[in-house]
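Make a model of the complete structure from these sequences and hints.
Chain by chain, the residues:
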Amino acid sequence: MNRSAPPSPSQQPVKSDIALSVRNLRTEFHTGEGIFPAVRDVSFDIRRGCQLGIVGESGSGKSALALSILGLVRPPGRIVAGEVRLNGKNLRAMDEASLSRVRGKEMSLIFQDPMTALDPVKTVGTQIMECILHHNRGMSRRNARKRAARLLDDVEIPNAAQRLDSYPHQFSGGMRQRVMIAIAIANEPDLIVADEPTTALDVTTQAQILDVFERLVRSSGTTVILITHNLGIVAEFCDEVHVMYAGRIVESASTKEIFRLPGHPYTESLLKSVPRPEEARRGRLFSVAGFPPSLARLPPGCSFEPRCFAGRGLPQCRSEPPGAIWAGKKESRRLVECHLANQRLEEALAE
Amino acid sequence: MKGKGNSTQPVISPDSGTAPERLIGIESLVKEFSVGKNAFGRKQATLRAVDNVSLEMNCGESFGLVGESGCGKTTIARCLMRLEKPSSGRIMFRNTDVSALRGKELRRFRRHMQMVFQDPHASLDSRMTASQIVGEPLAIHGIGSRAERKERVEEILTLVGIDPLHGNRKPHGFSGGQAQRIALARALILNPDMLVLDEPVSALDVSIQAQVLNFLQEIQERFSLTYLFIVHDLVVAEYFCDRIAVLYLGAVVEMAESRALFHNPLHPYTVSLVSAVPVPDPESRGRGRRIVLSGEVSPAGMRTEGCRFRARCPIGRNREMCKASSPELVEKSPGHWVACHFPGELEHIGSQAAARPAAS
Amino acid sequence: MIHAICSRLLGSLVAVFGASIIAFLFLRVLPGNPARLVVGPLASEEALQAQMQRMGLHLSLPEQYWRYMSDFILGDWGFSYGAGQPVLVQFGNRLPASIELGFYSFLFAFLFAVILALVATYRRRPVVDATVRAISVFGMGMPPFWLALILLVVFNEALGIFPGPGLRLSRSIEPPPEITGFITFDALVAGDFRAFANAFHYLFLPAVALGMLPFGYLVRLLRANLLDITNEPFILVVRSKGIGPWRTFTRHALPNAFIPTLTASGMIFAQLLGGSVLVEKVFNWPGIGSLVVDSILRKDFAVVQAFIIVSAVIYVLVNAVVDMLYGVIDPRIRN
Chain G
331 MNRSAPPSPS
341 QQPVKSDIAL
351 SVRNLRTEFH
361 TGEGIFPAVR
371 DVSFDIRRGC
381 QLGIVGESGS
391 GKSALALSIL
401 GLVRPPGRIV
411 AGEVRLNGKN
421 LRAMDEASLS
431 RVRGKEMSLI
441 FQDPMTALDP
451 VKTVGTQIME
461 CILHHNRGMS
471 RRNARKRAAR
481 LLDDVEIPNA
491 AQRLDSYPHQ
501 FSGGMRQRVM
511 IAIAIANEPD
521 LIVADEPTTA
531 LDVTTQAQIL
541 DVFERLVRSS
551 GTTVILITHN
561 LGIVAEFCDE
571 VHVMYAGRIV
581 ESASTKEIFR
591 LPGHPYTESL
601 LKSVPRPEEA
611 RRGRLFSVAG
621 FPPSLARLPP
631 GCSFEPRCFA
641 GRGLPQCRSE
651 PPGAIWAGKK
661 ESRRLVECHL
671 ANQRLEEALA
681 E
Chain X
24 MKGKGNSTQP
34 VISPDSGTAP
44 ERLIGIESLV
54 KEFSVGKNAF
64 GRKQATLRAV
74 DNVSLEMNCG
84 ESFGLVGESG
94 CGKTTIARCL
104 MRLEKPSSGR
114 IMFRNTDVSA
124 LRGKELRRFR
134 RHMQMVFQDP
144 HASLDSRMTA
154 SQIVGEPLAI
164 HGIGSRAERK
174 ERVEEILTLV
184 GIDPLHGNRK
194 PHGFSGGQAQ
204 RIALARALIL
214 NPDMLVLDEP
224 VSALDVSIQA
234 QVLNFLQEIQ
244 ERFSLTYLFI
254 VHDLVVAEYF
264 CDRIAVLYLG
274 AVVEMAESRA
284 LFHNPLHPYT
294 VSLVSAVPVP
304 DPESRGRGRR
314 IVLSGEVSPA
324 GMRTEGCRFR
334 ARCPIGRNRE
344 MCKASSPELV
354 EKSPGHWVAC
364 HFPGELEHIG
374 SQAAARPAAS
Chain V
4 MIHAICSRLL
14 GSLVAVFGAS
24 IIAFLFLRVL
34 PGNPARLVVG
44 PLASEEALQA
54 QMQRMGLHLS
64 LPEQYWRYMS
74 DFILGDWGFS
84 YGAGQPVLVQ
94 FGNRLPASIE
104 LGFYSFLFAF
114 LFAVILALVA
124 TYRRRPVVDA
134 TVRAISVFGM
144 GMPPFWLALI
154 LLVVFNEALG
164 IFPGPGLRLS
174 RSIEPPPEIT
184 GFITFDALVA
194 GDFRAFANAF
204 HYLFLPAVAL
214 GMLPFGYLVR
224 LLRANLLDIT
234 NEPFILVVRS
244 KGIGPWRTFT
254 RHALPNAFIP
264 TLTASGMIFA
274 QLLGGSVLVE
284 KVFNWPGIGS
294 LVVDSILRKD
304 FAVVQAFIIV
314 SAVIYVLVNA
324 VVDMLYGVID
334 PRIRN
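Residue numbers (this note's numbering), protein chains in the order written: chain G, 331 to 681; chain X, 24 to 383; chain V, 4 to 338.
Any given hint might turn out to be false.
EDC-like mimics (lysine to aspartate or glutamate), calculated; alpha carbons at most 16 Å apart, straight line [what the hints assert, rightly or not]:
(1) G:LYS586 to X:ASP304
(2) G:LYS586 to X:GLU306
(3) G:LYS602 to X:ASP304
(4) G:LYS659 to G:GLU681
(5) G:LYS419 to G:GLU436
(6) V:LYS284 to V:ASP297
(7) G:LYS435 to G:ASP520
(8) G:LYS659 to G:GLU676
(9) X:LYS108 to X:GLU128
(10) G:LYS452 to V:ASP333
(11) G:LYS476 to G:ASP495
(12) X:LYS108 to X:GLU50
(13) X:LYS108 to X:ASP120
(14) G:LYS452 to V:GLU235
(15) G:LYS435 to G:GLU518
Just so you know, the hints here were simulated from the structure itself, not pulled from any lab data.
If you want it as C-alpha cells, here you go:
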C-alpha cells in the first residue's frame, strides 16, 4: 500500500513545517458484534497553520480519528497501530503522565454538543482555570482568573469577569461553544481538533462562532483540524480537505481543487447531493445509492464500490482495495484512493 | 412607512393569478404558554410562542417554515396538527375550523394530516417492529381486516423502499435514512392530504438527505400531497419549497416564493440568514459576504416595544421608527410580504455594511 | 425561593400529620380495650372505667387525638405499662443506640459503595466490574439477620476478634459522660479515645450486617451513574485539557454521579436511623427496633404510636436535608 508519501498535496512541506504527522493509524472498536475498524491505517501530515477539514458522514470514522489523535479513544475502542507525531514527538510512545502535559497545552479539543461538553456542576471560570493551572504550575489562582477573564473576552462574551462565576446551564448554546473555544485556546496550543463545533447551533449563531474561531486561530497561526459533515463550512473555513469514507481518507486535496474537480467518485457524489441555492428547483438531487457499509463487514475491494456510480461492478474495483495514488496534474494534483482516479481526472480536465 | 402595499394581514393567498385550491388557512393564530408557576400553581408569566400568524397553504404546495430555534415554527405545526390547542385564532382545513374540533371529529380529521419528525430513532417506538409501527394507524382507526392491513403495510413498505421482509426488525435495526422512510410509511398509510415535515432531513447525512428529499418529491407528485416543511436550513428550504415564511420570535417577518425570498430577501433578518449559510463553494468565500448578527434569539425581544428584531438588527437598532412601532406584514411586491420599516435596505451579496458582533 | 421553602414546609407538616393520624387510629382499630390491658383482666368494672377516664378514652375521637398530640408536643408521649416507664424516657434510652448504629451502617455502605463503584468503572476491566457486580448482588440478596448471624459465628465465636452481642461498650470501660447518647461521639467530645475505639469495635459487626443491603444497592446505583457520566462528552473535554484520568474521575465524574443517588441515599439513611428489628435482635442491640418489637408483643401500644410519629419526623428531616444538599451539589437546582 502506497502510504508512505506525505499526502499533503498542495505543496511539499519542509520537515519542520509539519505540525502533525499521522502514520498508519488504526483504531478498532471491539464489541460483541465484531471488530469495527473505525480508522483504517490512515496517514497524513498537516502543515503548521493549516486549517484542515475532515469531511465524512456518520460512521466514516472522522470522530474516532479525532480522538485517536488526542489519544482519547475510549473502551471498547482502542488504537491498535500507528504513529501520531505532534511537533515531532511521537504521542503514541508517551505514557499517560507525559501525554497529560501535551493535551491542553500543545493540542486541544472542541467538542460537538455544547450542551454536554461542559461539566454542569462546575462554574465556567473553574473549568477554564483548571486548564490554565494544570499547565502553569506555580501560577496563582488570581492570575489564572485574570487570564480566564481575558479568554472569555477574546471569544466575545460580554461582561467576561462576572460571567466566570456562572454555570454552564446559565449560558445559551452559542455562549457555551464560545466557552469551549476559550478552553481550547487557553494555553495557545499548536493544534486544535474541532469535532463538528457548530453542528448543534442555529445558522446565525454558527456564523458568529465560526467568525470568532476563525479570527482567533488565524491571528495565532494555530493549526486546526475541523471535522464536519457540512461541506459549506469546509468551503468557507478550510485550506485543505480530507474526505473520509469507511475509516479511510479516500481523497485529500486543497479546498479549492476538491470543490472544483472532485477526484474520488464519493467526493463527487457528496458535492452533488447538496442542494445549492442557484440550482433549478424541483430537479431531483443527485443521490448516492444504498447505505454506508458496516465496518465489520467491508467489501473485499474498494469500500465504496457497491455505491459507486463510476466503478460499481468493475472487476478491479470489486476485488482490489485501491491504494492512495497521486492523481491529476500540476495544481490539481491530489491523493485519491480510487482505481479510476487518473482516468476520470483526465477526462474531466479534457472537457 | 416606506412600504406602499396595503397593511392588512395576508388572509388572502398571495397568489393572485390562477387561484389554486386552498387547503390550509391559518388565521391570526396565537399560542401562549405559561412559564413558571408559583407554589400555588398560579401562572407567573406567559410566553407568546406564536404571535398572530396568518398563513395559507394551497393543495399540492410545499410550504416552508424557516427560523431558528425558539421562533415558533414547531408550535405552529403542533397547533395545526391539533397537538396543541391554539390560544386564539382559527385554523381552517378546507372549510372546517380545526381549532374547534373535538372527540371523534378530531380523530377523523387527524387522518388527513400526518407528521414526520426530525429524529426517526427518537420518534419511533423502539419496542415495536417496523410493520407494527407502519400498521398502527390502520389499527387505531379500525381500518380493514388483519390480513388486509398486513397487505397494505407490505405495499407501503415497498413503496418507501424498505424490503417487507425486514418488517419484523425494530427501528434500531435500521439506519437513520431507512428509519425515516419507515416514519414516512407510517405517515402515508392513511392516504393523508397533508404531511407536516418537522426537520425531516436535519439528522441525516448528506447523501441520505438527498435520497429522502428526492423521495419526498416523488410521493408528493404521486399522491398530490401538500407539505408543510419545517426546516432551519435555508438552502434546503429554498430547494424544496414553493413558498417560504421566515419566522422570528413567533411572528412571520417575511414570506415569499422561495426563489424571490432567497435571491431578493427584504427583511434584514432574512438577509442575514441567507448570508450566514455556509455555501459549498470556496470561490465565493469572503468576509464581506457574511453578515454576522450580534446577540442571540431571546424571548426578551418579544416584550420590548417596537420591532421584535430591533435588538439584533444591523440597520434598525438605533432608529426611532423601529423603536416606536412594530412593523406590519405588508405585500411589497406581488406575493412578497415583509414586516419591516425599511425593507430591502440591507442587501445581501457584497454588503460592506456587515454588522460586526458588538464587542461587549 | 420562599414559595419553594413554604411549600416544602407545608408538605412536611402534612406528612407528619398523616403519620400521627395513622399512629393514633392504629390504637383505636385494634381489638380490645387499652384500659383493660392496663388494669388487667381481673379488675372490676369501676376500676376499668376509672382507668378509661384517666386515659381519656371516654372522649370523642377528635378530642382524644387533640389531647394526644398536644401532650406529645409537650413531651408527654404516654406511659409504657409494659416497661413501667414513660415512653419518652424509653426513647431517650434506646433511640441514640439505633441512630448511632444507623449512622455507622450508612457510613459503611456509602464509603464502600463509592470505593467499589470507582474500582468497577475506573479502568473498565470487565473482570473487576463483574466481581463488583457480584458483590453488589450478594449484598442485596443476603438477608440482614442471616448475615448478622454468620458474622457473629465467624468473627465472634470462631475467631474471637469482635465482641459478642448485648452491649454497646465493654463493661471494663467507663462510659464517657453522656451528652448525646451516641457513645462514639460522646467519647470524642470527652477526648476518651479508648472508649471511642471500644465503642467502634462493638458497633462494627452490627453496622456491617445492617449496611450490607444498602451497600449493595448503592454500589449498583453509583456504578450505573458513573458509567453514564464517564460516557458524557464533558469528561472527554476535561481529559483533552490534560487533566489526568484519576483527577477527572474524582473531580468531575464523581460529583456528577452523586446527584442522582442523593434521593436514594436519603431514603436509605432515614430507614437505617429508624432502627432495624432483626439485626438489633440478633446483636441484642439496645436500640429502638428491638424495643418496638418487644412492645408489640407486649401490646404496649403507646411505644408503637410514638415510634410511628418519630419515624415520620426522621423521614421528613432527612428529606429536608437531601433537598438542601441538592442545592449545594447541583447548581442547576439552585435557582
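Here's how the hints hold up against the structure:
no.	hint	verdict
1	G:LYS586 to X:ASP304	8 Å, holds
2	G:LYS586 to X:GLU306	7 Å, holds
3	G:LYS602 to X:ASP304	12 Å, holds
4	G:LYS659 to G:GLU681	15 Å, holds
5	G:LYS419 to G:GLU436	11 Å, holds
6	V:LYS284 to V:ASP297	10 Å, holds
7	G:LYS435 to G:ASP520	8 Å, holds
8	G:LYS659 to G:GLU676	9 Å, holds
9	X:LYS108 to X:GLU128	15 Å, holds
10	G:LYS452 to V:ASP333	9 Å, holds
11	G:LYS476 to G:ASP495	13 Å, holds
12	X:LYS108 to X:GLU50	14 Å, holds
13	X:LYS108 to X:ASP120	12 Å, holds
14	G:LYS452 to V:GLU235	15 Å, holds
15	G:LYS435 to G:GLU518	7 Å, holds
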